[in-house]
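> One letter stands for each residue in the lines below.
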Amino acid sequence: MKGRIIGISGPTVTVDIPDLKLYDRVRLGLERLQGEVVHLSSGRAMVQVYEDTRGLALGEPAEGMGRPLSAQLGPGLLTGIFDGLQRPLSRMAAVHGPFIRPGKLLSPLAMDQSWQFTPAPQIGDTVTAGEVLGTISEGSHQHPVHAAAAGTLTMIASGLVVLKEPIALLAGDIKLYAHEEWPIRQPRPYRQKLAPTAPLITGQRIIDFLFPLAKGGTAILPGGFGTGKTILEQAIAKFADVDVVVYAGCGERGNEMAEMLEEFGELADPWSGQRLMDRTILVANTSNMPVAAREASIYTAVTMAEYYRDMGCHVLLLADSISRWAEALREISSAMEEMPGEEGYPTYLASRLAGFFSRAGVVETMNGRIGSLSIILSVSPPGGDFTEPATQACLRTSGAFLMLDTALAHRRHFPAINWFQSFSLYDADMGSYFEKEVSPAWNRNRRKCQALLQRDEKLREVAAIVGADGLQDSDHLLLAVAERIRQDFLCQNSYSADAFSTPELTAEKINTIISWGEAAEKRLTDGEELADILSKDKP
Amino acid sequence: MRLAEHRYKTISSIRSQLLMVEQVAAVRLGEVVRVVGPDGRSQEGEVLLIDGHTVLIQIFGECRGLDLRESTVIFTDAIKQAPLSLHMLNRVFNGSFLPLDGLPTPLPEKWVPVAGVPINPTSRARPEEFIETGFSAIDGLNTLVKGQKLPIFSCAGLPAKEIAAAILKNCTMTGTGQGRKQAVVFVALGLSHYEYSFYMETLAAIETNFVAFINLSSDPVVERLLAPRFGLTVAEYLAFEKEMDVLVVITDMTNYCDALREISTSREELPGRRGYPGYMYSDLASLFERAGRIKDRAGSVTMLPIVTMPEDDITHPIPDLTGYITEGQIVLSRDLHRQGIFPPIDVLPSLSRLMQQGIGTGRTRDDHRQTANRLYKYYAKGRDLRGLEAIVGRDGMSVSDRNILDFTDTFEQEFVNQGGSRRAITATLDTGLAILKRYGLEEL
Ligand SMILES: Nc1ncnc2c1ncn2[C@@H]1O[C@H](COP(=O)(O)OP(=O)(O)OP(=O)(O)O)[C@@H](O)[C@H]1O
Ligand SMILES: [Mg+2]
Chain R
3 MKGRIIGISG
13 PTVTVDIPDL
23 KLYDRVRLGL
33 ERLQGEVVHL
43 SSGRAMVQVY
53 EDTRGLALGE
63 PAEGMGRPLS
73 AQLGPGLLTG
83 IFDGLQRPLS
93 RMAAVHGPFI
103 RPGKLLSPLA
113 MDQSWQFTPA
123 PQIGDTVTAG
133 EVLGTISEGS
143 HQHPVHAAAA
153 GTLTMIASGL
163 VVLKEPIALL
173 AGDIKLYAHE
183 EWPIRQPRPY
193 RQKLAPTAPL
203 ITGQRIIDFL
213 FPLAKGGTAI
223 LPGGFGTGKT
233 ILEQAIAKFA
243 DVDVVVYAGC
253 GERGNEMAEM
263 LEEFGELADP
273 WSGQRLMDRT
283 ILVANTSNMP
293 VAAREASIYT
303 AVTMAEYYRD
313 MGCHVLLLAD
323 SISRWAEALR
333 EISSAMEEMP
343 GEEGYPTYLA
353 SRLAGFFSRA
363 GVVETMNGRI
373 GSLSIILSVS
383 PPGGDFTEPA
393 TQACLRTSGA
403 FLMLDTALAH
413 RRHFPAINWF
423 QSFSLYDADM
433 GSYFEKEVSP
443 AWNRNRRKCQ
453 ALLQRDEKLR
463 EVAAIVGADG
473 LQDSDHLLLA
483 VAERIRQDFL
493 CQNSYSADAF
503 STPELTAEKI
513 NTIISWGEAA
523 EKRLTDGEEL
533 ADILSKDKP
Chain G
837 MRLAEHRYKT
847 ISSIRSQLLM
857 VEQVAAVRLG
867 EVVRVVGPDG
877 RSQEGEVLLI
887 DGHTVLIQIF
897 GECRGLDLRE
907 STVIFTDAIK
917 QAPLSLHMLN
927 RVFNGSFLPL
937 DGLPTPLPEK
947 WVPVAGVPIN
957 PTSRARPEEF
967 IETGFSAIDG
977 LNTLVKGQKL
987 PIFSCAGLPA
997 KEIAAAILKN
1007 CTMTGTGQGR
1017 KQAVVFVALG
1027 LSHYEYSFYM
1037 ETLAAIETNF
1047 VAFINLSSDP
1057 VVERLLAPRF
1067 GLTVAEYLAF
1077 EKEMDVLVVI
1087 TDMTNYCDAL
1097 REISTSREEL
1107 PGRRGYPGYM
1117 YSDLASLFER
1127 AGRIKDRAGS
1137 VTMLPIVTMP
1147 EDDITHPIPD
1157 LTGYITEGQI
1167 VLSRDLHRQG
1177 IFPPIDVLPS
1187 LSRLMQQGIG
1197 TGRTRDDHRQ
1207 TANRLYKYYA
1217 KGRDLRGLEA
1227 IVGRDGMSVS
1237 DRNILDFTDT
1247 FEQEFVNQGG
1257 SRRAITATLD
1267 TGLAILKRYG
1277 LEEL
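In order, the protein sequences belong to chains R and G. Okay, so the first sequence: first residue is 3 according to my numbering, each after it adds one. Okay, so the second sequence: first residue is 837 according to my numbering, each after it adds one.
It is possible that part of the hints are untrue.
As the list claims (entries may be wrong) - One side only, chain R facing chain G, incomplete, derived with CB under 7 Å:
#1 Leu58
#2 Leu91
#3 Pro100
#4 Gly256
#5 Ser289
What the hints assert, rightly or not - Stretch by stretch, here's where chain R covers chain G in the computed footprint (C-beta under 8 Å, at least three residues):
#6 1096 to 1104
#7 1114 to 1120
#8 1161 to 1169
For the record, the hints were derived by calculation from the structure and aren't laboratory data. From the three backbone atoms N, C-alpha and C, an ideal C-beta is built for every residue, glycine too.
Can you build the whole structure from these sequences, using the hints too?
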C-alpha cells in the first residue's frame, strides 16, 4: 500500500494511498515519520502525524502499514521509559544522542535481552490459538506466553531465550514469539468486571483517611499551576500498595521526568523493599514533543497497564496532566476542521474521556485471575477555573475528586487538597474496610475530624470579623485542635520522612489528636484555665 | 535536494502577510522562500500549508509593494536556520539575525534549524547549581539554578526593565562549575525606542559576553516569533557545544503572545481563551523547554523570561500558561513598588521549584534552607496578621503579634529592598539572620 504526499497542513498530511483503513498506521516521507489515518475520503486519506512535519515535502513517498497504532507487550517493559509512541527513550539516547530527532525508530522491547522461559507443552503436542506455551519470569512476575496460532509444535524453547527469536515453531514453519502487539485504542479483553472492594493505599493521610481511593477505582486531582499536582502524583507513585505503576508525563516538563527516573532508581518500594523503578514504567511525552504523540501517549500507557493487569497484578496508572491530552485532542480536531464544541474542544471530549476511564476496574482476567487497574489523573484547568470543559468532563466520570487549592498552596500547606470541596465515592466502602482491618475508631474519628474542620472554618470567619478576642474559651480550644489537625495530620511534606504514612500510623496520629481534644474539652468544663490546658501539654 | 532554485510568478492572492502561490511542483513544509517585488525588494517568508500544488506562504516582513503579476517567489529548499559561530558574541542583531550594530555579518561556522529538537528526558541532568542574581528576594528565598526556567511576572508600570538590567549586569553563575565561561543571550520583543536606548546602555556596560536580538515595536510582528528562536538556538550552541553557562533573558513574553494571537487571527485559526490560539501552551513550551542541562556536557541554558500580566491578572492566559510550563515564578507587587521598595518582589506567591536542590552545604551555605524557611514563615504570618490589624487595630493585638508585624515591615524594607546595590549570597543570608535576631525570631 504505497502512495505519495499530496498535502501538508501542520501535523496533518494528506496522502493518495489506496485501500487504507481508518486508524491504520502510515509511514511518511524520506524520514519515514509515523502517523495514523484519521479521515478517509475517495482517493485520499488524512493522516495525523506523530512527529514534527517540518521539512516534509510534497510528492514524498507514503506507505500504509496495514495495522493500527499498537504497543509492543512482553517482558522488559518494567523499569523502561518510553515516549508517547512507545519508543524506548534510554536506548534512543544511547544510540541517537541527547536530542530526539524525527523518524528514528527502535523496538520498544530490548530484543536481545535474555529471559528465563519455562515451556508448558512439548514437541509433538498440538496447541490451540491462545493456549499458554509457557511462562517467562520478569522479577517476581510470570508472563504467560500465548500461542498466536494453532498447530503441532515442531520446536519449543526452554531456559534462556531472547525475544527476537521464535519461542516455538508449528508445523509448516509457523513462528511463534514471546511478545505481542496490541492496538492501543482497543481495551484488552477480560471475563468480567468486579466491584472495587479494597482500598488503594496512597500513604497520604488526607487521602487515605478523608477521601480514600479504591483499587480498580478512578480519581482526579485538579489544581492551578504550582498547587502540587505533580509532587502528589509522584508521591502516590512511590508509596501506593500496588504491584505495578505506570506513570505518564503527558505534555509536562522534561526535568520532572528526569528527576523521577533518577529518584525511582535509588528509592525502595516501601511494601516490597525492591527498587521503585523495578515496579515502574514511565511514559514521557513532554510539552515540547509533538502534540499528536501526546494524544496517543495515554493510550500507550493504559495498554501496558492492562497487560500487567491481565497477569493478575494490581496496577496503578497515573497521568500528569489529562488537560494537556485534551488540548492535544483539540489541536488535532481543529486541524481536521471539525465543528468545535465548548471552548474549542471537540464535542466528543467527554465521551473519549469516559471511554478512557472505563479501562479502569477490578477484573477477572481471561485466564481466571483477579487483577485491577486504578487510574489517577491530574487536571490543569486554565486560570484555575474548575468550570472549564476538561475538568467538568472528568468530574462526571471519576470516582474521587481531590481538589487542589491555590490558597493552601500559597500558604505552603501541602498536599493542598481542599477538605471541603473534595469527595470520594468510595468512602463508605473503604471506611468499613479500614474499620475492620486497621482501627475500630476509624469512622468515628473520621466524622469527628470532619466536624472539627467544619467548625474551625466557621470560627475563623467569625474571628476575622470580631477579632480573636470575641471568641469563647471553648472556641479557642477547638481552633487549637483543628490547627493541629491541619498542621500535623493533613499536611505532609514530600521532602521529609513524613512523606509516607501507613494506615496504622494515620489512624494512630488522628486518634492522638482527637483524644487530646476530648480530654482538654472535659478539663475546660471542669473549670481548668484554657491557658493552662494549652500551655501544659499544647497539642 | 533540488538541483535548481524554483521560481514562480503564480501568486494568486495576497492578504495581510499571507501569499497563495499556484502550480508549485516541489515544496516542503516550513521551507524558506524569498519573495521579490516589482521594485526588486526582497523579503523572506515560510511555507505554512501545502494543498496539492497550491502553497500558502507567511511573509516575515511587509507585504506592501507586492503584486500578483510581477512578484516572484523563490523556493530555497531549506527550512529556517540560524548561522552560528563564536563571532556572534557581543553583537546586536534584529529579529531576522541581521546586525544592528553597524558591523559586518559574522561568518557562520554552521547552520542549525531554529525550531530546535526536544531533549531526550533521559539525557537531562538535574538543575542544581546555584546562580547568584544579586537580589536577596531571589537568591535567598526563590533561588535560581542552572538549567531552570523562571519567569518574572510583572505589571504595567513596575520596574521589570530595571530588574532585568540589574540581572544582566550582576548575575554570576559560579557554583560547582568554577572556571566555566558564562554568557547572556538577551532577546527583546516589541521594544519602544526609549527602552531600546536603555538596554543598549546596559549591554555596553556589562562585562559578561552577550548576544542580543532586538525587535522594536515598529519591526515586523512575525520577527517577534523568530527572535526568541534565534536566541535559543544561539544559547544551545554556546551551552552544549561551547561549554558555556548561558542565561537567556527574554522581554517581554506578553508581546510575543500578542504577536502569536495576531498572526493566528490573520490565518483565520480558531481562537481560544481571550482570542489566543489553542496551541499557545505547546508553542510556549517549545521555547521554555529548551532550557536545561545535558548529562556529560558542560554547559547549561537557563531562562528568565519577563511577562507583563495584562490587567495585573495572574489568571490571564499569558501568565497562566507560562506558570504551567516554567519551574516557578517571581511575582512583582504594585504595593511594594508604591512604597519605594526595589526590587518590589512579593515572596509569597513567588516560588522556585528547583530551589531545594540548589541550596545548602556545598552550593550556597549550610544555613540557607533553615534561614529561608524562617524568613518565609514569619513573613507569611505577618502578612496574615496585617489583615487582622486592619480590623482590630494594632493596639488590640498581642505583644508577640505586634512583634511579628514589625518584623514584616523590616523584612520588606531591609531584606527585599536593596535599591541599586548587589548582594552576594552570604550578605543576603546575613541580612536575613540579622533581622530575625533583632526580633528574637531565631527559633521557629
Ligand atoms: N507535598 C508537598 N510537600 C512539600 N512541598 C510541596 C508538596 N507539594 C508541592 N510542593 C511544592 O509546590 C511546588 C509545586 O508543586 P508541583 O510541581 O507538584 O505543582 P503542579 O501542580 O504540578 O504545577 P504545574 O501545574 O505547574 O505542573 C513544588 O515545587 C514544591 O515546592
Ligand atoms: Mg505539574
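> Check the structure against each numbered hint from earlier and tell me which ones fail, lowest number first.
Hint 6 is the one this structure does not satisfy, whereas the remaining hints hold.
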